[in-house]
Amino acid sequence: MTAVAPAAHAPAVGWHHRHLIDVDVVTWPEIELIMRTTDEMKGILARPIRKVPALNGRRVTTLFYEASTRTRVSFETAARNLSADVVSISTATSSVTKGESLVDTVRTLEALGAEILVMRHAVSGAPYLAAEVFGGHVLNGGDGWHAHPTQALLDLYTMRENLPGGDLRGRKVAIVGDILHSRVARSNIWTLTAAGADLWLCGPATLLRGMDRWAAAWSGGAIPGHGRFNVTSDIDAALRDADVVMGLRIQRERMQGGLLPSLREYAARFQLNAERVSLAKPDAIVMHPGPMNEGVEIAPDVAISGRSVITDQVANGVAVRMALLYLLAGAHEAARGEAAR
Amino acid sequence: MTDRQIMTGDEIRRAIVRISHEIVEKQAGTKGLALVGIQRRGVPLARRIADAIEEHEGMRLPVGALDITFYRDDLSLVAEQPMVKGTDLPFDLNGATVVLVDDVLYTGRTIRCAMDALIDFGRPRAIRLAVLIDRGHRELPIRADHVGKNVPTSREEIVHVHVAEFDEVDEVSIARQLPASDASGAGDR
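Those protein sequence lines, which keep their order, are chains Y and L. Counting in the working numbering, the final residue of the first sequence is number 343, and the numbers go up one at a time with none missing. Counting in the working numbering, the final residue of the second sequence is number 199, and the numbers go up one at a time with none missing.
To be clear, the hints were calculated from the coordinates, so they are not data collected in a lab. Mixed in with the good hints, there may be bad ones.
As the list claims (entries may be wrong) - Pairs of lysine to aspartate or glutamate, DMTMM-like flavour, derived with a Cα cap of 20 Å:
| hint | chain 1 | residue 1 | chain 2 | residue 2 |
| --- | --- | --- | --- | --- |
| 1 | L | K41 | L | D83 |
| 2 | Y | K53 | L | D126 |
| 3 | Y | K53 | L | D130 |
| 4 | Y | K44 | L | D130 |
| 5 | Y | K44 | L | D126 |
| 6 | Y | K53 | L | D155 |
| 7 | Y | K53 | L | D180 |
| 8 | L | K159 | L | E32 |
| 9 | L | K41 | L | E21 |
| 10 | L | K159 | L | D180 |
| 11 | Y | K53 | L | D102 |
| 12 | Y | K44 | L | D98 |
| 13 | L | K41 | L | D126 |
Said to hold, decoys possible - Covered by chain L, according to a simulated footprint, are these stretches of chain Y (three or more residues, beta-carbon under 8 Å):
| hint | segment |
| --- | --- |
| 14 | 77-83 |
| 15 | 190-201 |
| 16 | 237-243 |
By construction, the Cβ of each residue, glycine as well, lies at the ideal position given by its N, Cα and C atoms.
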């Protein structure tokens, strides 16, 4: 057999989701399809002309109700690399400040020709509401504490790229920080348990609230295709022999809720510094979804160390988002009837 | 439904050898030539042409593979997304004479996409086209420089090109179209 295209002999998996709001509805073969498509998109990014006409004439609108630099720019770069037309709405300068509702805004954008709506919203579940009224495709760029599917997928892609064999089965992944308020952690729970990783969530007890119940509910294999995961406030236990160490941002506003006594105390007990990270395997990788508070959840020397793949995450984010825009745009008319989930 | 065979393995081999001579003759040698197969079945055909040229010219031409998935203009029309199969062009396209190789020339849309894709990688001196089967029904002003066999067809017919690399046998056959039951892949058009 020739070496060309072994994938073509694997059972063909199509993409049937009209929207991508969370990774909880995405099956493992579909994740593999996203990863393969991302490989191809990375190939495009390595070319002299980093642009293909796949989405020529398709209209992608980004609607961000929350501040974001990397995610919005990443989506817009991804859309332009596929030759889509991009309209960028930042709510600070839109009619939203005049009191327009989400539903009205989405209807208006559709009337203006939006076909793929990339949205970020502070309220968990807001994209489901948008998907109910929008005639095109909704791609979640992060909603409240709920989900950030493209981040989880680019994290998975980056892990596979950096781990020998590209397989996460049995690999220990420690996610450290404000798990409670993290949509990144929640989406990563779905993808990493599907990938068969040995997942550990770690942070102060106040920032893990409820996670132990989730972990307990899954411990008996309650969700087909998803393994158990661990929740702990013991940072050493979480990091010991880890293959992947991921820090999450500690948001300053959390202090006001009394969940953390001080940033300094958090840093003293949980910061990913060189000494703690040395508990992990010698070839472990360090990740962070950004934006980083260096000196709080991660020490500056760790963030820029040879183990850090944080800039890989950013670069891979463009390729993963190209893959998802491409797959969603091609989701066939048959998927039109699919409900928001 | 029975497939009617229109080329045997031997006939395919002879057509490949003839095309390989034509390519070299047209270029007056092998200088600057490169072969690029269009995924999937164009790729093994391009390799075989390179093998044949190596045999009679003693010179191995560079062979690349081109995937045109992202250049198609029918993304929203196809029922299943086409599976991306990878592009690999292990040589400098600038100034090269590139011979595109595909199994079947039909509407010409695939070739248009392939030219668009190729030009994104560099500026070839010339692009030529070699196909195993030309079945007519062009929708674009495209013609092949080298043709293995011209086969008059009706639009209701499907040409199946089988290559040993993917399909265990070398054979070209023709069949009447069946409604939406045959999904066996890229070699059917």
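Proposed proximity, L:D155 with Y:K53 (alpha carbon, max 20 Å)
violated, 29 Å
Within a Cα-Cα threshold of 20 Å, do L:K41 and L:E21 meet the stated pairing?
violated, 28 Å
Mind taking a look at whether chain L covers the segment 77-83 of chain Y? Criterion is 3 or more residues with CB to CB distance under 8 Å.
That given contact is violated, which follows from only 0 residues of the segment 77-83 of chain Y lying within Cβ reach (below 8 Å) of chain L.
Next pair to validate is Y:K53 with L:D102; report whether the Cα-Cα distance is within 20 Å.
Holds: Y:K53 and L:D102 sit about 19 Å apart, inside 20 Å.
Is the Cα-Cα distance between Y:K44 and L:D130 20 Å or less?
Holds - the C-alpha atoms of L:D130 and Y:K44 are around 15 Å apart, at most 20 Å.
Take a quick look at whether Y:K44 and L:D98 sit within 20 Å of each other, Cα to Cα.
Holds, at roughly 13 Å.
Can the segment 190-201 of chain Y be counted as covered by chain L under the rule of three residues or more with Cβ-Cβ separation shorter than 8 Å?
Since three or more residues must qualify, the claim that chain L covers the segment 190-201 of chain Y is violated, with 0 doing so at under 8 Å.
Checking C-beta pairs, does the segment 237-243 of chain Y have three or more residues closer than 8 Å to chain L?
That given contact is violated, which follows from only 0 residues of the segment 237-243 of chain Y lying within Cβ reach (below 8 Å) of chain L.
Starting from Y:K53, check that the Cα of L:D130 is at most 20 Å away, please.
holds, 8 Å
Would you mind confirming whether the straight-line C-alpha gap from Y:K53 to L:D126 stays at or under 20 Å?
Given that 20 Å is the threshold and the Cα spacing comes to 11 Å, the pair holds.
What's the verdict on L:K159 and L:E32, does the C-alpha distance respect the 20 Å limit or exceed it?
Between L:K159 and L:E32 the Cα gap is close to 14 Å, so the pair holds against 20 Å.
Check the hint pairing L:K159 with L:D180 against an upper bound of 20 Å on the C-alpha distance.
Holds, at about 15 Å.
In this structure, the hints that do not hold are numbers 1, 6, 7, 9, 13, 14, 15 and 16, in rising order.
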